[in-house]
Amino acid sequence: MLSAIPNLITGLRFILVIPISVYIYQGNDLFALVLFIIAGLSDGLDGYLARRYDWSSEFGKFADPLADKCLIIATLLAFAFSGKLPIWFVYLMLSRDGIILIGAILHLLLFENRQAPPNRWGKHYTGWTIALFVIILMQSVIGIPAYLEWIAMTGVIFFIFLSLFIYLNQEGRLIFKKIL
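Take 1 as the starting number for the sequence shown in the working numbering and just add one per residue.
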């Protein structure tokens, strides 16, 4: 029964996606920031519990990264619709995710349901994205300097291109070899 705790925590993260997005869109950045931090801590906690007590499950292996991606995309879209991020930047981030998604689907189809392992540059991209989101929320809550947002945006852009380059160079080559 205790082994279900990481999956319940992951479920909580799915649920938090909605109020975080709504609070951002409505301009209630303090509540959005608090819930976003709770969601981030829950991600660390469920992973720790799954590894520490060997409570990992097939559901968790699928649901945990999906919850993370739902949280990031919903937050990104809330920032776009509320005008807190430039639309060109949002398109750039969504394009990266779209390319990775198409590659992941092709990889699953071509390599007998075997998932491509995530690369560390994609993890850096996610880290910079989360930092950017926290900075944007903190700007209106405590008034941190605007240049921090530009630094974070620059980091996100750098890792968009680096992670895509590595992904296309490694997984992309495998896919193209299999197709051709």
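Just so you know, these hints were derived from the structure itself, not from any lab.
Honestly, I wouldn't trust all of these hints.
[To be verified] Ranges between beta-carbon positions, derived for each pair:
#, residue 1, residue 2, range
1, Leu148, Val90, 13 to 23 Å
2, Gln26, Pro86, 18 to 28 Å
3, Ser3, Ile144, 34 to 44 Å
[Unchecked claim] Here are the simulated DSS-like cross-link-like pairs (lysine-lysine), alpha carbons at most 25 Å apart as the crow flies:
#, residue 1, residue 2
4, Lys84, Lys123
5, Lys61, Lys123
6, Lys69, Lys123
7, Lys84, Lys69
Bear in mind that the values here come from a model prediction, so they are computed numbers and not experimental data.
Positions of the beta carbon are idealized from the N, C-alpha and C atoms, including for glycine.
Inset, instruction - Against the structure, test the hints numbered earlier, and report the numbers of the ones violated in rising order. - result: Checked against the structure, no hint fails, so every one of them is satisfied.
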